[in-house]
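Each chain, written out:
2 protein chains.
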Amino acid sequence: MARWEPDAQGRMIRAALELFDERGFDQTTAGDIAEKAGVTERTFFRHFADKREVLFDGAHTMEHTVHDVTVAAPAELSPLDAALAGITAAGELLADRHEFSMRRSRIVAANPSLQERELLKLAAMTESTTKALHERGVTEPVASLAAHSAVTVFHVAFARWVAEEEPPAFADCVAEAAAALRALQ
Amino acid sequence: MARWEPDAQGRMIRAALELFDERGFDQTTAGDIAEKAGVTERTFFRHFADKREVLFDGAHTMEHTVHDVTVAAPAELSPLDAALAGITAAGELLADRHEFSMRRSRIVAANPSLQERELLKLAAMTESTTKALHERGVTEPVASLAAHSAVTVFHVAFARWVAEEEPPAFADCVAEAAAALRALQ
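If you read the sequences in order, they're chains S and H.
First residue of the first sequence? That's 1 in the UniProt record's numbering, and the numbers climb one at a time after it.
First residue of the second sequence? That's 1 in the UniProt record's numbering, and the numbers climb one at a time after it.
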């Protein structure tokens, strides 16, 4: 028996993931998601611009977090360490969404248009990080290089984190990827 | 007096750049480009899928070059150095297209949809480089980290190269950006 859930947005996200998994992203409509979540299509479109947005719901929050945490990192941190603090904080937003993140990654990997959207999201995160480093007084090309490097670390750490059912903490995945980056000769 | 040019493709590229610069990308049609280049619209579409493709003409050649040169780099090179050899060779394809590259960058920077396409092209270059490193026997996460780092260096070196009328050689821009990357703490 389904228990009553006031969280319509969460219900729509869960319904969408199930449908994308079962039928495929292309074969699922916004109407299907609304129906499965027990809401009207109108409610769906009050929350999301389209079905794709269900998967990119947290992107803006992550961008803002990366920016704000990078700007506020201790002054003595190097540009790369400040940016890594930012991306670690963004990753921590996902801490209690591991199962969601695993399923979402699988769905994105199966759809070229979602992969493109994911790349653009990472590019936006790089831009936020570069901007934050500029606000810390870091000049070019160091700001861009450190921001790209930190987002690359995020990308690699995230891939590791969603590859296992019981992964290390996200911050540990970041530390591991950052160490490998620093070891490049 | 215009001299006779057998190179229809080159004429279309030059005509497109002039029109994109003068009128803006959105205000230029494939028909305008064909007319200015003295070819039929049909000829235009035999060479390019759409007007956007005029600006991304060399992308596949660059991806293949990065891949092949990275694979063939001396065995003793580190993964990062092998990838840097690949992106340097890709950059050298642009050596005699500096003025074109400057104008093209300005046009891309003014158009969000072209910027997205450019990001996807860089992502494809990262993918080619990662694949080439795998073929050299480099494992994850080092292959991804080295490939992303090399493409970041390409991106930063390219930005520097197109920022000046008389820039250093592309390979020197790469060396400079790679040194700054290695100096990140």
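Incorrect hints may have been included.
The list cannot tell twin chains apart, which means a pair is met if one copy fits it or any two copies do.
[Claimed, not checked] Computed list of lysine-lysine pairs in DSBU-like fashion (alpha-carbon distance at most 35 Å, straight line): (1) Lys36 - Lys131; (2) Lys121 - Lys51; (3) Lys121 - Lys36; (4) Lys36 - Lys51.
Because the hints were derived from the structure by calculation, they are not lab data.
Owing to the predicted nature of the structure, the values given are computational and were not obtained by experimental measurement.
These are the hints, each one checked on the structure:
With identical chains, the CA atoms of lysine 36 and lysine 131 are never at most 35 Å apart, being 41 Å at best within one copy and 41 Å at best between copies. For the homomeric pair lysine 121 and lysine 51, the shortest alpha-carbon distances inside one copy (16 Å) and between copies (26 Å) are both at most 35 Å. Taking identical chains as interchangeable, the C-alpha atoms of lysine 121 and lysine 36 lie at most 35 Å apart only when both belong to the same chain, with a minimum of 28 Å there against 38 Å between chains. In this assembly of identical chains, lysine 36 and lysine 51 lie within 35 Å of each other by CA distance solely inside one copy; the values are 13 Å within and 42 Å between copies.
Checked against the numbered hints given earlier, the structure breaks only hint 1 and satisfies all the rest.
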